[in-house]
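Q: Residues per chain, in single letters:
Number of protein chains: 2
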Amino acid sequence: MLARLLWIFCLAVLIEDAVIAADLPKPTDPTMASVLAESKPADWRPLDPENTLYVEFASGRVVIELAPVFAPRHVANVKALAREHYFDGLAIVRVQDNYVVQWADPESENPKLARQIQHAQKTLPAEFDRVLDPKLPFTCLPDGDVYASEVGFTDGFPVARDPRTGKMWLVHTYGMVGAGRDNAINSGGGTELYVVIGQAPRHLDRNVTLLGRVVQGMELLSALPRGTGALGFYEKPEQRVPIKSIRVAADVPAAERSNLEVMRTGTPVFQQLIESRRNRREEWFHTPTGRIELSNVPIPVRIKP
Amino acid sequence: MLARLLWIFCLAVLIEDAVIAADLPKPTDPTMASVLAESKPADWRPLDPENTLYVEFASGRVVIELAPVFAPRHVANVKALAREHYFDGLAIVRVQDNYVVQWADPESENPKLARQIQHAQKTLPAEFDRVLDPKLPFTCLPDGDVYASEVGFTDGFPVARDPRTGKMWLVHTYGMVGAGRDNAINSGGGTELYVVIGQAPRHLDRNVTLLGRVVQGMELLSALPRGTGALGFYEKPEQRVPIKSIRVAADVPAAERSNLEVMRTGTPVFQQLIESRRNRREEWFHTPTGRIELSNVPIPVRIKP
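As given, the protein sequences belong to chains A and B, one line each in that order.
Here the first sequence stands for residues 148 to 452, where the numbers follow this note's numbering.
Here the second sequence stands for residues 148 to 452, where the numbers follow this note's numbering.
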């Protein structure tokens, strides 16, 4: 009941609109295509080059937006690692079906061969959650969540909040990027990064530090052959997928950057987009659902017009 | 509030156990590994060869368990199509990232080249849901669902129920198999089948007929290159992935069958397994979640010992 009251408090207007839409779907309700077509330039934001990573493979580029608001120390450390070229020549070592892709130093367990860190940190204190700052924008979803009392979006990232504990945290949805760790909670730091490639593994929330999200190039990760070892690790060195380099976009010449824009998630247009996905009006759909969960909300990305 | 009462009604004992476990996690609580290790032969069931499909690719075999309790006409028709060799030589024509793999007759739009159906049906009335039969076993999940008032498992399949409307239906989770259709709701029939390879697309529930679930071989589908055309269709014929054959397991010589067993989902051991996933006790986990959603519950499959 408390959770229900919090919903009503945080979302009174949106819930009301939503209930009306669910009860009386109108053929004139927007579709995602119409929302995108009618969006204005101000509904989109460029990626900040200082908080964007380019992961370069032989197959192409994966673009990651970093989340310093949620994991400031991990983001700073991953950028420092990229800037000292720590990742260049490492490889994807693990692809576990319906779970994660992970890259790392394949020789990390061998003191003689392990890649040395120059200036960055090998490990950091965990950043599993942070103080709930009510001044941060938060577009709350109206249909609840199995795992958290409130879920929605803050600055383009999927977020859960718990007003009772005064905490907020990034959520494991498709494409989210985290810092692998060993059993000790402070044993991660960003030298090994994983990306969610399947059903949102929400049991990982607040158990491992998330620090960003793939905004382009997921298909270069999600379609890789699955590893046949325990936890999806590749069993043979030749199965690994080499990383040519990881660069902070700000360090890449402007002409070589991916000029992407992400839809702003604190806008009326993004709320229309959520509504267009809660009640699909495309001709194919027979029964609009009237509900949506966090992991099924797309965050549109486009090449800057 | 009605939904809440229904939960309590259907799950009183399990909820009580679960709340205790969530509030006071015990290091002695089972893990999935311990649940599996302690399971008895009677906790497992063999697949019924008459309701099992083998989809043969050059890369290996995908095993599908059919769900005649939920889609009797579609299951009968897909078996009839398999038995007249309709699928043999067709191909995967669509792989949409974080969504579905789909196979079909690539020439279906060409009257001269389209594969002809001999005895089976080209289309069937939709089987989006069925009457809620309280006599069917149902292992209810205790943590709710964003899309339906009750979710759980019936005979190894993920199921949603709505006591208010007296309906129950199969749910789109990872590995579920459905019958593609055009815009008309009765335009499917099983000639084109799709498999969910990403985040559970729950907005498809009750919009398209589900008829089975992949129990082995998902990695042969989920790791395929994504199609670059609209909706993930392959743009060039040579990108398609040929299907060698689809057979009803009963028609395959016993020595060539995959002797798989699936954990029975109506058992105390399966409830222990759910609990072991709601509160992970493995050493790596820092904060047991105390919650689980339908799509994150694994249904164990093993080779018959």
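It is worth saying that the hints were derived from the structure and are not from the lab.
Only a predicted model underlies this, so the values are computations on that prediction, with no experimental measurement involved.
Fair warning: there could be bad hints in the mix.
The list makes no distinction among identical chains, and a pair is therefore deemed to hold if it is satisfied within one copy or across any two copies.
Keeping only pairs whose Cα atoms sit at most 20 Å apart, straight-line, the calculated SDA-like set for lysine to any residue is [stated by the list, open to error]:
| hint | residue 1 | residue 2 |
| --- | --- | --- |
| 1 | Lys282 | Ser186 |
| 2 | Lys314 | Pro435 |
| 3 | Lys269 | Trp431 |
| 4 | Lys314 | Ala377 |
| 5 | Lys314 | Gly437 |
| 6 | Lys269 | Asp190 |
| 7 | Lys269 | Ala401 |
| 8 | Lys282 | Pro415 |
| 9 | Lys282 | Lys314 |
| 10 | Lys383 | Ala370 |
| 11 | Lys282 | Asn333 |
| 12 | Lys259 | Glu403 |
| 13 | Lys451 | Ala402 |
| 14 | Lys314 | His433 |
| 15 | Lys314 | Ala397 |
| 16 | Lys383 | Glu366 |
| 17 | Lys259 | Gly236 |
Q: Quick one: which hint numbers does this structure break? Sort them smallest to largest.
A: 1, 4, 6, 7, 11, 12 and 15
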